[in-house]
Every structure is written in C-alpha cells, then in structure tokens.
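Engineer: If you're matching them up, the sequences are chains R and W in order. The first sequence: position 329 = 329 (our numbering), numbered continuously. The second sequence: position 307 = 307 (our numbering), numbered continuously.
Just so you know, these hints were derived from the structure itself, not from any lab. Do not take every clue at face value.
Unchecked claim - With a cut-off of at most 16 Å between alpha-carbon atoms, the simulated EDC-like pairs for lysine to aspartate or glutamate come out as follows:
hint	chain 1	residue 1	chain 2	residue 2
1	R	K338	R	D91
2	W	K286	R	D276
3	R	K348	W	D276
4	W	K151	W	E243
5	W	K83	W	D104
6	W	K271	W	D308
7	R	K15	R	E322
8	R	K348	R	E336
9	W	K334	W	D91
10	W	K348	R	D276
11	W	K313	W	D22
12	W	K269	R	E343
13	W	K334	W	D5
14	W	K286	W	E298
15	W	K15	W	E119
16	R	K269	W	E343
17	W	K271	W	E310
18	R	K356	R	D316
19	R	K271	R	D308
20	R	K334	R	E344
21	W	K271	R	E343
22	W	K286	W	D314
23	W	K151	W	E241
24	W	K338	W	D91
25	W	K271	R	E344
26	R	K271	W	E344
27	R	K271	W	E343
This one's a predicted model, so the numbers in the text were calculated from it and none came from an experiment.
Read off the chains here:
Number of protein chains: 2
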Amino acid sequence: MQLNDLLNHTSEWLKGSGPNSDIIISSRIRLARNLDKFPFPHWANKKQGEETLDSINEGEETLNSIKDGIAKSEFLKRTIFFKLDEMDSVDKQFLVERHLMSLDHAQNTENKAVAIDDEEIVSIMINEEDHIRMQVMQSGFNLFEAWNIIKRIDDSLAKDLNFAFLPDWGYLTACPTNAGTGMRGSVMLHLPALVMTRSIDRVLSAISKLSFTTRGLYGEGTQAMGNFFQISNQVSLGPSEDEIIESINGLIRQIIEQENQAREGLLSKNKPLLEDRINRSLGILKNARIISSQETIELLSMVRLGSDLEMIKDIDRRTINELFIITQPAHLQKIENKKLSPEERDVKRAQLIRSKLNIL
Amino acid sequence: MQLNDLLNHTSEWLKGSGPNSDIIISSRIRLARNLDKFPFPHWANKKQGEETLDSINEGEETLNSIKDGIAKSEFLKRTIFFKLDEMDSVDKQFLVERHLMSLDHAQNTENKAVAIDDEEIVSIMINEEDHIRMQVMQSGFNLFEAWNIIKRIDDSLAKDLNFAFLPDWGYLTACPTNAGTGMRGSVMLHLPALVMTRSIDRVLSAISKLSFTTRGLYGEGTQAMGNFFQISNQVSLGPSEDEIIESINGLIRQIIEQENQAREGLLSKNKPLLEDRINRSLGILKNARIISSQETIELLSMVRLGSDLEMIKDIDRRTINELFIITQPAHLQKIENKKLSPEERDVKRAQLIRSKLNIL
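Next up, chain R with everything else stripped away, as it sits in the complex:
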C-alpha cells in the first residue's frame, strides 16, 4: 500500500456505520506507552532518539503477526510505516486530516514515525509525546470494540518491548495526566440540534465538571466546527480501562438522548425552518464556485443532519462523511497532485463538491 491508495479509500471512522451513527461519527481508544531504559522523546538527545526508532522497528515484526490475526476478522490487513522526516508537508497534513496522527506529531519530525494499517483502523505514532501512541478507531458508538482491538496490539508489542510500568502506578507517561492506564477514550459527536437550540453550552459545561474534556474536529487546541465535538476522559489513573470506557459511554448515552430530544423539538416546532436551512445548505454546496474549508464543514453539517432526519434522501451519510475529509487542504492537493494556494483550493474544493453532489 502507498499513501496515495488512501485517497480511494473511506477511513473506518468515516464509514457512517456502527451504533448511533446518526449522532456518533466515531469512537477512538488511544494508549500511551514508553520503553523502559529510554528517556521520554522530548528529553532524548539525537542518538537516543534513533535507538528508540530502531527498537520499534524490531517490534514491528511482532506487531505485524498480531495484525495478521486481527485482519482475519474484518479489518487490518497490512501496516505501512512512514518516517516523518522523509514525508513532505502535504503528506503529513494528509495524515492529520485523516485523523491518523496528531497535529503535534507533524512538527519537528526528527526520529518520528507513524505506522498505519490500510483499513485506517490502527495508527501508531512513534516518538510523539510518548514513545508509542497507538490508536484504534471505530465508526459509530463503539468504544469497547476499539478497546478489544487495541488490547491485542498492545499485548503483542509488549512481548518484544519492555514498557515502562510500575505496579503501583501503572504505565508511566511523559505527562502525568496520561499515567496509569495510559488510556484515552474519545467519541466524536455531531450535535447540530443542541447547537441550534442553544443548549450546547449547558451540556459542555456539565461535561467539563464531570472530568471529561471537549475538543473540536482536529483534537487538542482546535475549535468546534460544523457542530462536531470530541469528548474524552481526563482521568487515566485509578479506574480500570473497562471502568473508564463505561463512564464515557454513560455520558455519551446522555448526550445522545439530549441531541435526540433537541432534534425532535426542532422537528415538531420548527420543521419548515429546519428544512429551509438544510436545503439551502445543500443548494449552496451544489452551486458554489468558491468555498472555504470552514464554510464547507458548516454546510455539510446541515446536509448530514438532513440526511439523518431523512429530509435529504438521495445523498447517503458515507458520501457526506467523505466530503468532510476530501475537501480538506492536503486532500485537495493530493487529489490534484500539486501544491495549491488557498485561493486555488477554494475553487477546486467547490468543483469537487459539485462533482460529488450533482450526480443524480
């Protein structure tokens, strides 16, 4: 598999399937692991950094054998390994846009690498904040399934690599907020009705009091756009992995309930207004000649709501989800196979959207 092959492929997290996929885009489990005997990446000198990378490469063999096993179920067939200092900026941004690595990981790329499987379920960042940051993504509301997959990957890596671990503390991590389980569970939600009914601030403030964090579409430090909210646990030390997932699930179930109530409220009280907004959004997307990434996301959010409420019937959720990602800057440049200025991208983006939506 080449990086470009991903262009013709729908990421697992964008499939638009799985439980509660009208509200939950995707579920993600991330584990932080560090090698015993090596300093944390940010503290490593150049020499030591290279050793870490070599050591992971030795571990790849084991990783591959486990993935072979997992691939037999449904996903995970091969893994590709990218050294970031060998990638150009568009390719790195491309992986960030696909949620296969963090924005941070794309900076200062020395001795950094990322390994991904061709179903885009698994991604492993090497020498990010921790030596290993592995994640498993699932479409829809599916944290336990993600946990089942990542557990096996973690176990297999542990056979070859000695992870820094203390019986009283659990896994050690560069930042103490990740210590213990080293686990972060995240769920990406689409909450247009809570935003439209102005209930979202109340919901988000309740979430922050319950030791969960809310982030935007592109993780830490990014703003909420297109009514997307990523909710994760803050505490990784103390409760078990299952308990952490159960606590996230409990919260998410409540938010789903509230979003559904808000949708029903809009339908019963403001249906014509809602239909108007949804159809205008689709009309603009089908006709614009110049469109920014931000406006695209906001309009697609409305179209997705329209599809979920069956007001829009001829465009499926998967097409809409794909548009969210392929209209991003690096994706547009990969599709065009050349560097594009922001102005050129706004024109190409509009073209691409029209070509995808105007097929009747």
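The hints should help you fit chain W onto chain R, whose structure is shown.
Structural biologist: Structure of chain W alone, referenced to chain R:
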C-alpha cells in the same frame, strides 16, 4: 378579459425583449390630463367626483375605437375598466405589483378607476392625482415607441373630453411639476455591476444634478431593491415631448455604457467570484423552503445578471422576469386563490420558485 386572466400572461414590460434588454427592463411614458370645468380630484366633492367618472365612461367609446386601431399592429386588443371601490385589497395590490397603477391610487378608492388593455401596454388611472393618468409601457429601451402609442390614445381622448389647457402653459395639472407637456418618461434599469463595483452612488448623484429622479422598483417613495433603478425626467414644462425623451435617452445611453464597462471589469478581474455569487443565488432559489420577497428579488437580480452574461444558460430572461412579479404578495395570493399570512407566503413563494426553476 377578467383580472385573473392576467395571471397567465406576461406583461409587456416583463417580456425581456426590446433594445438593450440586458440592462433596460422597460420604458414607460405617462401623460397627466385634467378635464376643463371640473376641479382636480383631490379638490372635488363626492358629487363632482362621480360626474368625472361618468364623463370618462362617455370617453371610453372613443378610447376603444383608437385601441382597436392600435391592436391591429401587435398589441392592445381590449380594454377592461375597474372601479377601485369594487375591488378587494389583494386585487388592487395585484395591479400595483404589475405596475398597472400607482400605490397611491390604491388608497381612498372613492370614484377612482383604472382601465387596462389585455396586453398590459396601456393603463389609464382615473381620478388619481389628476383626472387622467395614462401610461404606455414597452419592454426594453423604447421610449419613442411608447410615445408613439400614447400620443394616439391622448388624441382620441381629446376628441370627446375637453382637457384643461392654456396656450402659454400647456396642460394644467394638480401639481405644477407636471404641467406643460404633462409627460413623464421613465426607464427601469438593472444595474447590478454598478452596485457591485460601488460606482452606483457616483452615478445616482450625477443623475440628480441633471434634473432627473431615481426611484425604486415600485415608483415614488420606494427603495432600490435587487439593483433596479427607475429614472425619470423632473421637468415637464418648457421642452417638447420629443426633447424630453431625447434628454432621457441620452442619459440612459451613458448609464448603459457605464453598466457595461462595470460588467466587463467584473468579468476580467473577478469572474470566479461573480460566477460564485450568481450560482449560489440560483442554488438558494432552487432549494429554499422559506423565502422573503426582498431576498427573492436580490437573488433573482443575480440570476438575471448570470443569464445576461450567459453564465446561466438553461433559464431564460423571461422566466426570471416573471418570477420577479409572481413572487410578490398579491400575486401569490391570486395564484393560491386565498388570503395568506406573510409566513404562509414565504413558504408558498419558495415552492413556486422551486417549481419554476427545477424544470430541467
């Protein structure tokens, strides 16, 4: 002919044909006449008002015979006569929206009437500000043709009716600004490029210094909407009718030139932006579920520009012109054949626009 027959008919001024019809919607000549021996309408008591109306009814015979002659050319076949106090408010507004009578004429309807021909070229208001206000409309830039038609109507009426006239002053009118020729020539222009390039204020201020007036889509006291401007002469006393028309024509030719230059400038410097704005406007019109009259006019203005610039090819100018008029409040209510609240109209308007524009 019944009033409702007009619903299935395109007014002369909306045909989208005639000279310079990419910029000039229509040309109109209006003559003010008053009967000798009768006071002006606003000074008449009830008894005298009724006599005026009777006297006009006597004049109708002559009017019809002239119209028969004119009808042999191309337009003007029959005339219908409406007493305004026998019309309901929607029907009166309907005639105002079709530019067949003034907003003022629809108020205080006692002893008022309007006679129109079924091509909607000629309209004669009785007991408006003056006893007789007759107008002739032509599509496109065509004031002399309108003048040729109205001259014949005026002459025939003068055979039966004694018009108040003084050799030194010309025709006498209720307001001295109309005395002399009693003539007002008006041209309705669509000037989107001058508005978009922010040159319109400079143009309008030059016009006002040249003793011309600028008004909106619905005449005196109405605002410019949808980039439509109605330009008329201010002076009716002194120059001859031909001289007045020639002076308006000279000014209009300059404005056409400036609008064309502004369109060319936009095309050479901002074509993608222009295409974007035009196509988004069409996209919203084709998809909105709720839309105000004001927004409709603004968006249709962009679509009309798109059609004039051949950026939009599958919608002709006549369809666009018709939409301007049939989406007005009284027209919507006539089409639905019932009273509609403003909210109901916004929904019906969007429906009507979709049905007209989504035929492929």
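Engineer: Could you run down the list of hints and mark each one as holding or not?
Structural biologist: Going down the list of hints, with the structure as the test:
Annotation: proposed proximity of R:K338 to R:D91 holds, straight-line Cα distance about 11 Å (limit 16 Å). With a C-alpha separation of about 11 Å, the suggested pairing of W:K286 with R:D276 holds against the 16 Å cut-off. Taken as a hint, the R:K348 and W:D276 pair is honoured in the structure, with Cα atoms around 12 Å apart against an allowance of 16 Å. Taken as a hint, the W:K151 and W:E243 pair is honoured in the structure, with Cα atoms around 15 Å apart against an allowance of 16 Å.
Using a Cα cut-off of 16 Å, the hinted pair W:K83 and W:D104 holds, with the two alpha carbons roughly 15 Å apart. For the given pair, W:K271 sits about 14 Å from W:D308 by alpha-carbon distance, which is consistent with the 16 Å threshold. Under the criterion of a C-alpha separation no larger than 16 Å, the hint pairing R:K15 with R:E322 is consistent with the structure, at around 8 Å. Proximity of R:K348 to R:E336 is assessed by CA-CA distance (about 9 Å); at most 16 Å being required, the pair is judged to hold.
With a CA separation close to 8 Å, the supplied pair W:K334 and W:D91 stays within the 16 Å bound. A C-alpha spacing of about 12 Å is found between W:K348 and R:D276, which places the hinted pair at or below 16 Å, so the restraint holds. Restraint check for W:K313 and W:D22: the C-alpha separation of about 14 Å stays at or below 16 Å, so the hint holds. Note on W:K269 and R:E343: the hinted pairing holds, with a Cα-Cα distance of about 14 Å set against a maximum of 16 Å.
For the hint pairing W:K334 with W:D5, the CA-to-CA distance comes to about 11 Å; that is within 16 Å, so the pair holds. Restraint check: the Cα-Cα separation between W:K286 and W:E298 comes to about 14 Å, which is no more than 16 Å; the hinted pair holds. Under the criterion of a C-alpha separation no larger than 16 Å, the hint pairing W:K15 with W:E119 is consistent with the structure, at around 11 Å. Restraint check for R:K269 and W:E343: satisfied, since their Cα atoms lie roughly 14 Å apart, inside the 16 Å limit.
Between W:K271 and W:E310, the direct Cα distance comes to roughly 12 Å. Compliance with the 16 Å bound is thereby established for this hinted pair. For the given pair, R:K356 sits about 11 Å from R:D316 by alpha-carbon distance, which is consistent with the 16 Å threshold. At most 16 Å may separate the alpha-carbon atoms for a hinted pair to count; R:K271 and R:D308 meet this at roughly 14 Å. A distance of roughly 14 Å separates the Cα atoms of R:K334 and R:E344; the hinted pair therefore holds under the 16 Å criterion.
Pair hint W:K271 plus R:E343 holds up; C-alpha atoms about 13 Å apart against a cutoff of 16 Å. Of the supplied pair hints, the one linking W:K286 and W:D314 holds, its CA atoms being roughly 13 Å apart against a limit of 16 Å. Our distance criterion of 16 Å between C-alpha atoms is met by W:K151 and W:E241, whose separation comes to about 10 Å. Using a Cα cut-off of 16 Å, the hinted pair W:K338 and W:D91 holds, with the two alpha carbons roughly 11 Å apart.
Of the pairs offered as hints, the one joining W:K271 and R:E344 holds, with about 14 Å between alpha carbons and a cut-off of 16 Å not exceeded. Distance hint between R:K271 and W:E344 is fulfilled; the C-alpha atoms sit about 14 Å from each other, no more than 16 Å. Between R:K271 and W:E343, the direct Cα distance comes to roughly 13 Å. Compliance with the 16 Å bound is thereby established for this hinted pair.
When held up to the earlier numbered hints, the structure conflicts with none and fits them all.
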